[in-house]
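Number of protein chains: 4
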Amino acid sequence: MDITVGGRRVARRAYGFDEVALAPGPLVIDAKDVDVSWKLGDLTIQCPILASSLDGAVNPALAAEMSRLGGLAVLNLDGIQTRYENAEEILQQIADHPSEGVIRFIQSLYAAAPVRADLIALRIKQIKANGGIAAVAAAPHTAHKAAEAAVAAGADVFVIQSTVGTVKFESSTIPEFPIAEFCKNSPIPVIVGNTVGYQATYDLMEAGAAAILVGVGPGHICTSRKVLGIGVPQITATADCAAARDDYFEQTGRYVPIITDGGIRNGGDISKAIAAGADAVMLGSTIAAAKEAPAPGYSWGMATSSADLPRGTRIQVGISGTLEEILYGPAHRDDGTMNLVGALRLSMGSLGAHNIKEMQHVQMFVAPSLPTEGKSLQRSQGVG
Amino acid sequence: MDITVGGRRVARRAYGFDEVALAPGPLVIDAKDVDVSWKLGDLTIQCPILASSLDGAVNPALAAEMSRLGGLAVLNLDGIQTRYENAEEILQQIADHPSEGVIRFIQSLYAAAPVRADLIALRIKQIKANGGIAAVAAAPHTAHKAAEAAVAAGADVFVIQSTVGTVKFESSTIPEFPIAEFCKNSPIPVIVGNTVGYQATYDLMEAGAAAILVGVGPGHICTSRKVLGIGVPQITATADCAAARDDYFEQTGRYVPIITDGGIRNGGDISKAIAAGADAVMLGSTIAAAKEAPAPGYSWGMATSSADLPRGTRIQVGISGTLEEILYGPAHRDDGTMNLVGALRLSMGSLGAHNIKEMQHVQMFVAPSLPTEGKSLQRSQGVG
Amino acid sequence: MDITVGGRRVARRAYGFDEVALAPGPLVIDAKDVDVSWKLGDLTIQCPILASSLDGAVNPALAAEMSRLGGLAVLNLDGIQTRYENAEEILQQIADHPSEGVIRFIQSLYAAAPVRADLIALRIKQIKANGGIAAVAAAPHTAHKAAEAAVAAGADVFVIQSTVGTVKFESSTIPEFPIAEFCKNSPIPVIVGNTVGYQATYDLMEAGAAAILVGVGPGHICTSRKVLGIGVPQITATADCAAARDDYFEQTGRYVPIITDGGIRNGGDISKAIAAGADAVMLGSTIAAAKEAPAPGYSWGMATSSADLPRGTRIQVGISGTLEEILYGPAHRDDGTMNLVGALRLSMGSLGAHNIKEMQHVQMFVAPSLPTEGKSLQRSQGVG
Amino acid sequence: MDITVGGRRVARRAYGFDEVALAPGPLVIDAKDVDVSWKLGDLTIQCPILASSLDGAVNPALAAEMSRLGGLAVLNLDGIQTRYENAEEILQQIADHPSEGVIRFIQSLYAAAPVRADLIALRIKQIKANGGIAAVAAAPHTAHKAAEAAVAAGADVFVIQSTVGTVKFESSTIPEFPIAEFCKNSPIPVIVGNTVGYQATYDLMEAGAAAILVGVGPGHICTSRKVLGIGVPQITATADCAAARDDYFEQTGRYVPIITDGGIRNGGDISKAIAAGADAVMLGSTIAAAKEAPAPGYSWGMATSSADLPRGTRIQVGISGTLEEILYGPAHRDDGTMNLVGALRLSMGSLGAHNIKEMQHVQMFVAPSLPTEGKSLQRSQGVG
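So the protein sequences, as listed, match chains A, B, C and D.
Letter 54 of the first sequence, counting from 1, is numbered 54 in this note's numbering, and no numbers are missing.
Letter 149 of the second sequence, counting from 1, is numbered 149 in this note's numbering, and no numbers are missing.
Letter 155 of the third sequence, counting from 1, is numbered 155 in this note's numbering, and no numbers are missing.
Letter 196 of the fourth sequence, counting from 1, is numbered 196 in this note's numbering, and no numbers are missing.
Honestly, the hints are just simulated from the structure, not real lab data.
The structure presented is a predicted model; accordingly, all values stated were derived computationally and were not measured.
Be careful, since some hints might not be right.
[Said to hold, decoys possible] With a straight-line Cα cutoff of 20 Å, these simulated SDA-like cross-link-like pairs (lysine to any residue) come out:
hint, chain 1, residue 1, chain 2, residue 2
1, C, Lys32, D, Ala307
2, D, Lys125, D, Thr173
3, C, Lys357, C, Ala243
4, C, Lys357, C, Arg8
5, B, Lys357, B, Gly342
6, A, Lys357, B, Val10
7, D, Lys168, C, Ala243
8, D, Lys168, C, His361
All chains, please: the whole structure from these sequences, using the hints.
Take a look at the structure:
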């Protein structure tokens, strides 16, 4: 498995979504009979799709709608919603801004307004008022303060999220974030991320995480890879973390689900992420393309607002349909961005998987997408 | 052969058409002396090319012409032909529809008109009236009713076709389709598909299939792979199924031909499919590009009409020539879409293969098509 | 080395020009001191570059100029030059023809005029009159007649060339071409091609070939691969044939040079072909881009004229410079299409190879050209 | 590790920047606490980034500014600066020249004006006058004369640079350059390059080089690879040379840093180069895109001026910001071309590397950039 890339330097081969495909076997199951639910702590969640805590993906209204549809949306407590009372107006300004200079504009909006505890409370109450599950996220350095306000306001799930989330952190000036203590003291489940790698995942599970977000720079040409050189393709990242989850479960009896987050573009990627070992997936742009999304038609990453080193820009995601159509169809396009749950059911059924657990073990092929085939297939049969 | 993609997750490497090439050896045979015939049950068929049961590829007239030319065309009994008396008019409407909204239009046409038994009979009689072999296809859930009408009307070959066709099917509401019983009771040969994998193929052979259609989501960027994550590149799919065919033959003495269906774009792919183990191939778009095709210049997949989850759209295939020119030339283009039988003969001759059986064992290379070479070869010698 | 692509089907991995690169070692040699000559039978040839027998590459005048410059050009005795007295006019018509229908036009020109023995004689005399070496080519089925006329007219080298040239040929109507007898009886050296593979090469050497042309469908997206599925990337083809040459030499003491023919686009490919084991290379389009070329700015393959199954079309090659500039510079472009001998000398010097023989053993890397890097390098340092 | 590409020909697999990615582990370090300094002989240099001796990257003013910012810029003593008193004017003319014919124009400018000793002195004094470290480069055949003038004028570091720099050089007319003697006699540290390969690197270290420039034709489609067939992807080149450095250090106790030079386009590549074993990196186009660069917005390679065989042309690099912004930010773009030191710090911190030495051993993945993913990620989450 180790490759010598030169001299004595070794590297492991990692695989991304476009390099694998799933293959049916001798059994097919009716898609209607497939069970796609998963568990977060004691909570059984009907839909294994989470909405990512991006400014452009989740506002309180969308979070409530996502809950109604059986999924889970995470609101960013470090983002525009908790910095601006008139968040919707600000988000529209970002959407309307010309591409030229949009990173600078987002940087300035973040720099100009600090996070307000009262807005944290307000947003959570807005979610709860509409009957939603309030899942909220903050970075480690803001987590204590944010969690206090959030729990007080009735939050149901807390997410500690940073580009690379680990138990161990060294700094001459910033104290290490006490993840284990935080999880232990939290009255609500704590999801931690993002991570890759067996050991880091195992450490976070030991620290008490209720679930793990998997994915660091997963897109091959995503900005973390370009800016930092960092990025692990998601099939490998997911499979590595799944091994840690399974071992931790075997050793402790506690099952900590892993959620593949980043780089997922369509139903095919969702199926592949689960087949690689995920219990659920987290989507950003695909949700940001919902009619109900906060910045209709646009999305940007959490690191776009970085004052010194933005790692992502605003992208146009278009509008594909209502959130309900995106999750449950009907789809009127064939690109895998609508009816995601229907697609997952059909995929699992075709692969003979009764449930998520069995889906984690269907037959997988390494089958690269060749660019030339793409072009040629403009003329292909489309029978599939 | 097994690759660890991460943790304990393993996957097999699969290969597609663009990743392999064939190599001549020390013997060349005159193309005129090459035997390209194959057997379907007791029937010897002169041309190893079948026309796929797409709306845009096969109508009764084309089926008859295909028969006259020594091949076999399959008419879809679940498609436009058996839903609309004025099928040609409807097909023209689909061809004329703007790209925007065409999936929705096809969905609505299918939803508006159920399959009619009288039209099944009519279409088959139209094929027979023109001297054609009537090969007809239906999905498992419509197969019983369709087969009754079809056999009564004089059909010669029946095809049970679904995205993933298996012996084993589980559902809480739909009874399992009794393939073995169906094959046993059918007065005409029953082709079953589509399948991939050794075991599923072997199961279908044991169930009595007269031939097997091989191919599930074969194109790398085809819609099944995007929507469902499912897809096995055809060289591997074909070789896997060929192994099942050979073993089944050795164990039972019955030879069940396998037909590679999907992703074939030109004569080169036909040669490669057979070299991977196929006895024949099934073409969709290439046939839909015939002057005689039902929706001149256009084609779409069977799953495009899916009400909830379309996996393919209408594509422009152009018009390359008459069906006879497509099969037997002369070709006036160099892209491998015309004179397919002539190309296969020349390929087999150059590779020293006297017949299909020997062609299944010529030397094959794994030789990826590099995108950059493609561009560079715009300036290459073209000697080839 | 054998890869199982599925079931029991095995294939070897083959490598093309864009997949390898050469690496310097601890010695550099002055480019001026490098010896690039090679031997064809008793003849020492100063420049290891041959011009391919394409209509668009070689006419009598270019053949003479090529000889003057130390190389060798092959005139096609089955092409336009020996079918039309006013060949230059006809070639200009092909160059002037619109792209649409140009294959049909070339087909018609070949069909309308048979090869004439008097024109064979005329063309050879034109070459000799200008002091050139007359190397001429014909297909096996025309070789006897063509060779008689050619030898009588003073030809110096004869080339028997077909898409796949082998000693063994089976046909119910056409007698096998007696290569061994032909070589034995020929008063001039006989080059045979094209071939790939150890055994086929060894057979041709045993039959008496003076040199072997290596290459069958070498370009990855070239038309033979699309139309027939046939094609062996040139690094592998060359290395396989080089092994046969070395073994044949060891066993017989006769050294039969191999000439890599097809798919070479620039100086880099020439260096790589020789590093893979070639003694010389044959160029088509690169020569067709000379100011002196017969159809200025255009080229097409020998199989473009095929009445039934063209495998190549007319391509625009542009005009890069005089033949002398193409071979010896100075170059005023950086794409490796000019000063080919200068580039080869500098390459060999940088790699520490004193001569062609040593160049066949320099360090080679498998180093694929990634398409994304290409784009990125628009902004790279260009230091190289 | 050895691959048989055909016959008995073997080749090693080499890896480039776009084929690898770095992966975090269980420890994260505060970016502010990371140590990015390195040593050149006795000199500790704060910033591991050198500016390449390209006409378009370094003039005396930029060299001084680079020094002020903690890095090192190398001035080319064979370039425009030492051939023309009015260098800035000439550089502007190159920048203003239309693309058509620009190689010829650069060739003519070099041919028209020889290097002048007085200009060497002038340029060095200009650097020193502004408080800069004067690092200057010359090719082996001009090195003696240039070094004499340079040392007299107060140069601090001398670089002997050629496309392939080795200890061993054979020529019938040019004497071998006595690298060992030159290094021994030089009053200032001598950096030598460029090289690849364990043995060549070891030889240069034994000869007394103070540091080694690593990289020969590193870009996959760079012009050395197209023109000469030569080029080693940088991850492999760097790792090979790093092994030589480590062995040489273990055997002699002298640590000779290696500097990866060529093909680096962004912060990600810098991180990867160091992770492959580099102690520092050298940048060309990225520096040429500084506001202070000599030919604003443009760059060209040292081999572009070659009279006979240019291997590179003028490319448009754009203007990304001031040199300080390029090195230390803030960045207002997300493509990894600004705040390079900040990005390196964040990368090292995220990967748990306290310093350059530890960064050379972080976890690396072979993770190819798939072209199709690139396109798809236009719609990806951008969370990274």
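Evaluation of the provided hints:
1. C:Lys32 with D:Ala307: 15 Å, holds
2. D:Lys125 with D:Thr173: Judged against 20 Å, a Cα distance of about 35 Å means the pair is violated.
3. C:Lys357 with C:Ala243: 13 Å, holds
4. C:Lys357 with C:Arg8: This hinted pair is violated, its Cα atoms lying about 39 Å apart.
5. B:Lys357 with B:Gly342: Since the Cα atoms of B:Lys357 and B:Gly342 sit roughly 18 Å apart, the hinted pair holds (cutoff 20 Å).
6. A:Lys357 with B:Val10: Roughly 16 Å separates the two Cα atoms, so the pair holds.
7. D:Lys168 with C:Ala243: Measuring from Cα to Cα gives roughly 31 Å; hence the hint is violated.
8. D:Lys168 with C:His361: 18 Å, holds
Of the numbered hints listed earlier, those contradicted by the structure are 2, 4, 7.
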